[in-house]
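Sequence lines, in order, name chains A and B. Start counting the first sequence at 1; every next residue gets the next number (the numbering used here). Start counting the second sequence at 1001; every next residue gets the next number (the numbering used here).
Any given hint could turn out to be false.
[Claimed, not checked] Partial selection, computed: residues in chain B whose CB lies under 7 angstroms from chain A:
no., residue
1, Phe1052
2, Thr1056
3, Thr1065
4, Arg1074
5, Leu1090
6, Pro1092
7, Gly1097
8, Pro1118
9, Ile1121
10, Leu1125
Hints are computed from structural coordinates only; laboratory data are not their basis. Each residue gets a CB set at the ideal place from its N, CA and C atoms; glycine is no exception.
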Amino acid sequence: LWEGPSPGEVPGGTSVPTARGYVGTTRCRRGRSRRPLRQKVPGPPQRVPTYLVPAILTTVFCCLPAGIVAIVHAAQVNTKLAHGDITGAKQASKNARTWSWISFGVTVVFLVIALVVGAATEQGGTG
Amino acid sequence: LSRSLRSASVVVLEGTTARLMHGAAAALALGACVVLYAIDPARPGFYPTCPFFALTGWYCPGCGTLRGLHQLLRGDPGRAFGLNPLTTLLLPVVIYGLASAGLGALRGRGLPSVFVPPSWIRGLLALVVAFWIGRNLDMALLAWMAP
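Excised from the complex, chain B in its bound form:
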């Protein structure tokens, strides 16, 4: 990884469309944070239910994300982890990506692009699937996975 970081090149956004799309993604994320800070998803009525949960009655890997982000924005990472540990752990990657998108939209150059080893991505895939199954199992040992 350190080798990848040292030789990393900066993300370059060419063309107005690319910059607009990346800017829109970053702006959408910022707007979502404002709404999530202001309105608690644990209070029913404002946010829609997860489609997967509504259709199947099972949790998806993302269930608890909105409530967790609300807790995080309110300064409670512990409860955020409790609601969705996967999202909480992946958040640094997502923030880096969105920050790069926002910077890229503003000045044409984002943050250094990092080569993620394929084995890491496959590991992430296994983690997501295991988490998806695990949080739906009715076992005391896995209760921490459920939102």
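The following block holds chain A by itself, in its conformation from the complex:
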């Protein structure tokens, strides 16, 4: 429901060594530590969910091509993230979610119709 990138996999979330101090100033000489500091530079929040699990669920349970469209968009999320295209990844993520809901919604409508018509009682068994 959320497989996003792990931190450090996308630009902006990398670990960057800080400067040892400010050379030429008194601050440098009185620095607490001589060891080079490694500091995590926090990038903007970049967990973009792929909605892969809902995509799989609606593909397998809803029997509609919409679930497959959701998988296509799920793949695009991580492809775009890998290229650093955060905006595109977020759009693809939104699309993946939308298509999973479409698949789910259409199936619910179909189920309601099937119940009303009573077709379910005559030809069940291929779920």
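Go by the hints and put chain B onto chain A.
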């Protein structure tokens, strides 16, 4: 993958709506398992037919899922695989996702989120489409794909 797993961060659910939605998904799945255990989908009458099959007469990639899950819940993974190998193989991914959703709803933090490489998702896509076509072909070699 091992690198992804090591640096994986835990899924955090913020907001009541997110927790409710994830909780509903997990609860729905649990309820479905109870119903599927109790009532066999191979027996006609209770479950509706697959919409795609009803409209076109062709199998969809999910056909056989309910009957397969019933067999699995009754302790027969072999027959579950026979009814829908795709669902049976993808089940660990789905269980992980739903478990994370349930945990997230309860305590706000789910399971570690795994970065799935895009090539894997594209591979899955190709697999689903190939499976969809394959199980509708009338070939003895592909008979194992049909439910």
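Hint check results:
no.: 1; hint: Phe1052; in the structure: 4 angstroms, holds
no.: 2; hint: Thr1056; in the structure: 10 angstroms, violated
no.: 3; hint: Thr1065; in the structure: 5 angstroms, holds
no.: 4; hint: Arg1074; in the structure: 16 angstroms, violated
no.: 5; hint: Leu1090; in the structure: 6 angstroms, holds
no.: 6; hint: Pro1092; in the structure: 11 angstroms, violated
no.: 7; hint: Gly1097; in the structure: 3 angstroms, holds
no.: 8; hint: Pro1118; in the structure: 4 angstroms, holds
no.: 9; hint: Ile1121; in the structure: 4 angstroms, holds
no.: 10; hint: Leu1125; in the structure: 5 angstroms, holds
The structure shown violates the earlier hints numbered 2, 4 and 6.
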